[in-house]
Amino acid sequence: MSSAIRTENLVRKFRKVEALQGMNLNVPLGAIYALVGPNGAGKSTAIKILMNIIEPTSGRAEVLGTDSRRLAGRSFADIGYVSENQELPLWMRVGEFLSFLRPFYPSWDRDLEEELVKKFDLPLDRRLRHLSRGMRMKAALASSLAYHPKLIVMDEPFSGLDPLVRDELIEGLLDRTEEATVLVSSHDLGEIESFASHVGYLENGSLLFSDEMNVLASRFREVELTFDSPVDLPPDLPESWMQPSTSASVVRFIESRFDVERSPMEVRWVFADHRNMTFNPMSLRSIFLAIAKEGRRPNRGGLQSKEAVLR
Amino acid sequence: MRQIFHIFKKDVRRHWIEILFSTAALTLYTWHEIHSWKPKRFDSLRFWPATVFFLLFIAWWVLIVRLIQGESLAGDRQFWTTRPCEWKCLLAAKASFILAFVNVPLAIAQVFLLLKAGFPPTLQWFWLLWLHLLMLCVPLSPIMALATVTRNISQSLLALLGVVLLMAGLLAFTLTVGEPAFAYSADWLMALVLAIVSVMAIGLQYVRRKTSIARIILGIGGGMIVLITTLVPSLTEGMDIPAFSGTTELPSLQAELLPQPLPQDETLDEKDKVEVVIPMAISGLPKGFLAQGQGVMLTARTPDGGFWRSKWIPVYQFFLPGTNNLGLNFSIERKIFEKIRFAPAAIEISFATKIFQSSNEEVVVVATDQTFPVPRTGMCWLDSGYRDGIKCLAPFFQPVSVFVRVEPSESTCPIAEGGRQSKGELHGWQWATDTDFPDYGFSPVQSFGFDLTGYDGKSPERALICPGSPLHFSFPQFIRRTRAEFKFNGIKLEQYRYVGLGFHLVLRKSDR
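Going line by line, the protein sequences match chains Z and U. Residues 1 to 311, numbered by the numbering used here, are exactly what the first sequence covers, in order. Residues 1 to 512, numbered by the numbering used here, are exactly what the second sequence covers, in order.
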């Protein structure tokens, strides 16, 4: 088993709405996989299918080698799931909550539990109902890490949290990544950029790409060309050039298939008379913004052309 | 097993208030049951028994709904579904909780009631189990099922409201159409349907969490119950009547129409139907016989060709030897009534009855000022309430047929100055449907009474039973069903038109 999670043509329909349109996802063992995408992209639906909270309309998903539809009971002894939408037993005190969960997990580690409680500064005698959202997420995460899960799945765990709490959660999570694969969904790119090893971009139920972070970062470059005089954009630009624009004697675009040798040659072939050419690395946020904007451009045909660009 | 106990302990911690509330409601119910055996102390509070029952039901409903929804099965946000919690353990923990805090306290209350009524519970354990099994079918399983397909108490309340409305509709329908001929069987069928769909919904939710399908199953169950309620009366209409046909008219049974003045106002109400109440006196039942009305049918023919026939209408009047007064109530379509109301009609009244014969066996029990046992009946005592008579308690079953007779000459009561001693015998009769199973209810103790009355030809007489008075108990046997036909000529139905308070519907126990 080389993948912690694998899906094949996963489709989920809610009446006429297709929330997932044949998603093929592969999360390698040991990866910290960030599933990103705008709100309503289908991230939570995908995760709920993986956790067997809902069933797919068609296709299949495997989690730690088990068909997701068969995940139940003891299968969850190796999986930690934390979601912003999860309804916790709010009437319980933090200590009660952890004590209640303890007997369900054969691998529950009391020392680790204590360590997590200290690390997250959890008030054991406070009811979950009286905790702030951030503290509740920390309690949920502590309860999902204390048994050394092989897979940690987190659905929008950082949404709406202040940076300090978010960093504490990430730190707590990173401490456990040596022994676990992590799948985390988020619509905030900045927050996952610092720790994800892999990233997948989901939009309108389709996984547009899935790659290692360093590969992705190396593929995208912001290109700026300077000319001696104002220049018009030629009609047929390469498909991999996104958002080309011109301003006086400067042409800018984003190269989505950057190659140290091929990309400069291609630029020279289209714009032979440029004076200067720069290829700047991009942040993950800039890359996704570019992808999202590319999809909304009417003359490039939406998603289809975006997929072509990213291929 | 460890998981079951762990979840159980958590639920006890979580729901201690609900446990307390339901225990208090059960205590109140038990206390009320015991006090309801005593003379009419609560007559001023007619709503009291219903309130106590409602409280107990609500307490259990809240307890079960909150318990099940502690680990909600509907929705996609519950935390426990992604924890290593086996559905079998969860279901077993919930079932154990219900057993521990609904069934066991109720069983304790039932044992207490049996002991208090003077019946050894060790002899009744089978029927105790039977009642609990019935309780599991209705209402526990349906409550559980509704709790599993709803997300929270508000949704459950809405669902309960829907069920109450449905039941009210069905009750209204039953009252309009009349009791189906096979109501008893229909009740069993409905309970069975309810239990099966509930268990299916619960199973589906715990094993697969398929809320939509579970809701559909419950909906289908509700639909089947509606069908049973609406179809059984029409399918079985008249099915019990052939049993009466072909038998001979009782030669000695006579009927007389009691005179009625014509209504002064000839204007009919703006209703589709006109109510007609025919007061009759039935006599001629030989000594040693008893009869119980089953149904009555009226046929009216006028000289100008007008014709109307009612359906068989259930009548459960008892007839004793002597004169029995009763009023027969019929609804006639307004248009038909307008045609025949003033015409001198020939009317035929068909009376379907069950005939019982007093056995030769007679048990004489001397009344005491404490409870006294009556063979084949139960524990009885003199009811010194507003109606003199005897009250009795029996475990699970009411006696099928008990007849009690008091000889005035044997009375040990002192005759008050100016008081009047009864001249003739005083009778009382207790009758219940003969079934192999006890009636459904939370209480294992059946309470019933004998109103001992007589009639001296002028006015009803009260029984005079005091400690030391002998009571003659006998146990009439069912002989056969029969049908009596009474014909009257020249009857104007207008004379018997019900005009509200001007005529009182009489359906009272036999007066002699």
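Hint data in this document are derived by calculation from the structure and do not stem from the laboratory. Check the hints yourself; a few may be wrong.
Listed next, the in silico DSS-like pairs over lysine-lysine satisfying Cα-Cα at most 30 Å (straight line) [claimed, not checked]:
hint: 1; chain 1: Z; residue 1: 118; chain 2: U; residue 2: 492
hint: 2; chain 1: Z; residue 1: 150; chain 2: U; residue 2: 10
hint: 3; chain 1: Z; residue 1: 119; chain 2: U; residue 2: 10
hint: 4; chain 1: U; residue 1: 492; chain 2: U; residue 2: 271
hint: 5; chain 1: U; residue 1: 210; chain 2: Z; residue 2: 13
With the Cβ distance kept under 7 Å, some of the chain U side facing chain Z (calculated, not the full set) [as the list claims (entries may be wrong)]:
hint: 6; residue: 6
hint: 7; residue: 8
hint: 8; residue: 9
hint: 9; residue: 10
hint: 10; residue: 76
hint: 11; residue: 77
hint: 12; residue: 78
hint: 13; residue: 81
hint: 14; residue: 84
hint: 15; residue: 361
By construction, the Cβ of each residue, glycine as well, lies at the ideal position given by its N, Cα and C atoms.
(request) May I ask which of the numbered hints given earlier this structure violates, with the numbers listed in increasing order? (result) Hint check: 1, 7, 8, 15 fail, others pass.
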